[in-house]
Amino acid sequence: MTTNKLANKKSKEVAIRVEAVSKTFKVPQEKRTSLRGAALNIFTKKSYDNFEALKDISFEIKKGEFFGIIGRNGSGKSTLLKMLAGIYVTDSGKITIEGKLSPFLELGVGFNPELTGRENLYLGGAILGLSKKEIDGKYEKIVAFSELDDFMDMKLKNYSSGMQVRLAFTLAINAHAEILLMDEVLAVGDSNFQAKCIEEFNNYKEQGKTVVLVSHDIGTIKKYCDRAMLLRNGKIVKIGKAEEVGNEYMQQNMSDEELRVAAEELRVATEEESNIVEAITESQDTITKKRVKITKIEFLDRNEKEKNVFKPGEQLTVRVYFKRYISEADLNFGIALYNKDGSYVLGINTIMDKIDNDIYYRLGYFQVDYKNINLLANSYYVATAITKNNFSMPYDLISKSKSFRIISETKNEGIVNMEYEWKK
Amino acid sequence: MVKSYKQLKYYELVKRLAATGFKLKYQGSFFGYLWSLMKPLFLFMVLYVVFTVIFKLGKAIPNYPIYLLIGITLWGFFAETTSMCMGSIVASGDLIRKVYFPRIILPIATSLTSFLTFILNLVVIFGFMAYAHIPITIDILWLPLILIEFYVFTLGVSLFLSSLYVRFRDIGPIWEVACQALFYATPIIYAPNLVPIKYLKILMLSPLAQIFQAARASILPSEVITSSTVLGKYWMLPLIIVIITFIVGYITFVKTSAKFAEEV
Numbered sequence: 001m002t003t004n005k006l007a008n009k010k011s012k013e014v015a016i017r018v019e020a021v022s023k024t025f026k027v028p029q030e031k032r033t034s035l036r037g038a039a040l041n042i043f044t045k046k047s048y049d050n051f052e053a054l055k056d057i058s059f060e061i062k063k064g065e066f067f068g069i070i071g072r073n074g075s076g077k078s079t080l081l082k083m084l085a086g087i088y089v090t091d092s093g094k095i096t097i098e099g100k101l102s103p104f105l106e107l108g109v110g111f112n113p114e115l116t117g118r119e120n121l122y123l124g125g126a127i128l129g130l131s132k133k134e135i136d137g138k139y140e141k142i143v144a145f146s147e148l149d150d151f152m153d154m155k156l157k158n159y160s161s162g163m164q165v166r167l168a169f170t171l172a173i174n175a176h177a178e179i180l181l182m183d184e185v186l187a188v189g190d191s192n193f194q195a196k197c198i199e200e201f202n203n204y205k206e207q208g209k210t211v212v213l214v215s216h217d218i219g220t221i222k223k224y225c226d227r228a229m230l231l232r233n234g235k236i237v238k239i240g241k242a243e244e245v246g247n248e249y250m251q252q253n254m255s256d257e258e259l260r261v262a263a264e265e266l267r268v269a270t271e272e273e274s275n276i277v278e279a280i281t282e283s284q285d286t287i288t289k290k291r292v293k294i295t296k297i298e299f300l301d302r303n304e305k306e307k308n309v310f311k312p313g314e315q316l317t318v319r320v321y322f323k324r325y326i327s328e329a330d331l332n333f334g335i336a337l338y339n340k341d342g343s344y345v346l347g348i349n350t351i352m353d354k355i356d357n358d359i360y361y362r363l364g365y366f367q368v369d370y371k372n373i374n375l376l377a378n379s380y381y382v383a384t385a386i387t388k389n390n391f392s393m394p395y396d397l398i399s400k401s402k403s404f405r406i407i408s409e410t411k412n413e414g415i416v417n418m419e420y421e422w423k424k
Numbered sequence: 001m002v003k004s005y006k007q008l009k010y011y012e013l014v015k016r017l018a019a020t021g022f023k024l025k026y027q028g029s030f031f032g033y034l035w036s037l038m039k040p041l042f043l044f045m046v047l048y049v050v051f052t053v054i055f056k057l058g059k060a061i062p063n064y065p066i067y068l069l070i071g072i073t074l075w076g077f078f079a080e081t082t083s084m085c086m087g088s089i090v091a092s093g094d095l096i097r098k099v100y101f102p103r104i105i106l107p108i109a110t111s112l113t114s115f116l117t118f119i120l121n122l123v124v125i126f127g128f129m130a131y132a133h134i135p136i137t138i139d140i141l142w143l144p145l146i147l148i149e150f151y152v153f154t155l156g157v158s159l160f161l162s163s164l165y166v167r168f169r170d171i172g173p174i175w176e177v178a179c180q181a182l183f184y185a186t187p188i189i190y191a192p193n194l195v196p197i198k199y200l201k202i203l204m205l206s207p208l209a210q211i212f213q214a215a216r217a218s219i220l221p222s223e224v225i226t227s228s229t230v231l232g233k234y235w236m237l238p239l240i241i242v243i244i245t246f247i248v249g250y251i252t253f254v255k256t257s258a259k260f261a262e263e264v
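Sequence lines, in order, name chains W and X. Residue numbers in the first sequence follow our numbering, run continuously in steps of one, and reach 424 at the last position. Residue numbers in the second sequence follow our numbering, run continuously in steps of one, and reach 264 at the last position.
Each hint should be verified, as a subset may be incorrect.
Unchecked claim - What follows is a set of in silico ranges between Cβ atoms, one per label pair, in the way DEER data are often shown: (1) E409/W to L24/X: 42 to 52 Å; (2) N73/W to M236/X: 51 to 61 Å; (3) L24/X to D56/W: 43 to 53 Å; (4) A185/X to L35/W: 15 to 25 Å; (5) L43/X to N73/W: 49 to 59 Å; (6) Y26/X to L35/W: 28 to 38 Å; (7) L120/X to K155/W: 22 to 32 Å.
For the record, the hints were derived by calculation from the structure and aren't laboratory data. As the structure is a prediction and not an experimental result, all values here were calculated from the model. Beta carbons: idealized from backbone N, C-alpha and C, even for Gly.
All chains, please: the whole structure from these sequences, using the hints.
Given below as structure tokens:
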């Protein structure tokens with residue numbers, strides 16, 4: 001009896017329950033949209049590419065929770081949301097929804113540009129399940145919130161895009177659903193309106209509404225959601241606190257980025273190698289004449305692990321291996337950083353910094369640690385040169401061949417994220 | 001309880017979509033709604049001239065102008081509704097992919113838009129009859145029932161076509177050609193008694209022929225050949241075909257509609 005009651009209570013708290021849901025899209029290799037095609041293929045076995053969008057997904061969302069679904073493009077997050085909304089049917093598994101669900105995923109669904117703002121409000125409202133009476137009752141409130149008082153009798157096609165979004169958003173939040181599904185809709189309107197939206201969102205929390213938010217922006221998820229789920233290739237990778245899931249996603253993106261950069265490097269390297277081979281056959285002497293040669297550049301983190309993707313605040317070590325064919329000392333080692341757009345970020349060399357080079361001759365490489373790479377998200381190139389002490393003629397120079405990436409959450413603009421603090 | 005509440009909302013949506021469709025149909029045109037009256041009237045004038053002045057076909061039919069006008073108005077509804085509904089799912093593809101509501105609302109709303117125009121056109125017919133001093137008889141009471149049958153049949157065909165059209169766009173031109181054939185296979189410009197006796201029974205099995213003749217019989221005071229006079233005790237057959245058509249159309253639609261969002 002008690003267990004039964006408990007179970008009952010528990011199921012009451014759940015807003016959305018997804019049990020072992022899978023979805024496969026059949027992608028016909030040749031899409032048949034004509035009877036002739038169908039008739040011709042009627043006896044041949046139809047060939048489909050199966051695309052598994054979701055594989056055996058199970059999770060629960062509690063009432064009153066702000067739940068984020070995060071993942072890269074093609075991870076299945078939008079498919080999942082569409083299935084929650086009832087737009088797609090499941091292949092297997094079960095979805096249980098407790099409470100009134102907003103059946104839409106995007107703002108302004110069903111709006112018609114030829115109708116006025118007022119007419120669209122009623123049409124859009126009908127699509128979201130609002131009766132004429134209900135909209136009549138909320139009309140003043142909606143118009144006031146959207147700040148579109150003077151434009152309600154203007155055709156929607158003459159609205160600015162910001163005005164359209166405002167109307168749509170205001171209608172959506174007035175659809176009085178208990179469970180809201182949203183597909184990246186938060187950044188709407190000017191900052192003034194955004195503040196209102198955030199306020200409205202906070203009201204939702206107080207009213208105990210359930211919100212499911214799909215995004216590929218970690219910032220949004222971390223900011224609004226209590227819990228989140230990370231999807232990858234149609235599977236749940238992690239489910240838990242938004243903060244943790246966000247970090248996991250970040251890590252995953254970084255390792256993906258590593259692979260991409262590594263593949264790119266390999267491509268460039270093989271290209272260069274073939275160029276070098278050509279160069280050798282063309283003019284043997286120019287190569288052999290080199291008295292110092294840079295052989296390899298490495299990017300390392302604090303643990304001496306080689307990698308190509310860094311976060312601001314990390315330490316970046318650049319290590320440059322070289323070979324010396326002359327005994328002459330007094331070399332000058334220099335390293336310069338450029339960003340992808342060609343801006344010169346920082347150039348340093350051992351003579352300017354009065355560094356004793358002897359250790360480098362012994363090690364066979366020179367190395368600099370950038371203690372805190374406070375750069376903004378971008379690709380950065382390293383150029384390095386070994387010259388004679390008087391700067392005159394470079395023995396060897398490698399310009400902008402090797403690059404690393406900075407991934408960062410901040411949306412600040414520019415090159416360097418200097419340390420700063422706003423006056424409080 | 002919850003369900004009926006939901007259905008009430010969907011009823012609102014049907015109403016709103018149908019009204020919007022009606023409003024947008026002639027938007028931007030100078031004569032607006034008048035076009036839906038003028039289109040059948042122009043067709044009527046052309047056919048009237050051809051079949052009274054040139055072919056003298058209409059001479060044998062009493063009240064031929066009204067007889068012809070009824071045929072054209074009814075046909076106009078059938079042809080317009082089926083072709084508009086056929087594309088209604090595909091035309092609203094964007095909506096279907098982004099919001100859930102029972103998909104059947106779309107063809108129903110589209111057909112209601114046409115039905116509204118159709119009713120207004122019928123009013124014009126009665127205006128003409130009053131002008132020509134043609135009396136209305138008690139048989140007019142049959143008309144609402146006949147119109148319901150007509151609507152159900154048209155909707156059934158529309159549902160079938162619209163769900164097939166999502167997958168096979170060939171249905172578009174095929175239905176266009178089929179409509180041309182149906183235009184002549186239905187007593188619109190002629191009277192059934194022109195048809196040789198051995199084909200007459202087949203002709204009057206067609207729900208369209210049965211509906212058109214029944215509508216004329218209820219509106220016009222003059223004697224009109226109907227399915228019941230031709231088929232005798234089998235007068236139910238066209239009605240059964242109507243019901244079967246609707247059921248087949250409805251089931252086809254419901255079975256395929258779950259996947260519209262993926263296929264459209």
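Violated constraints from the hint list, given by number and in increasing order: Going through the list in order, the structure violates no hint and respects every one.
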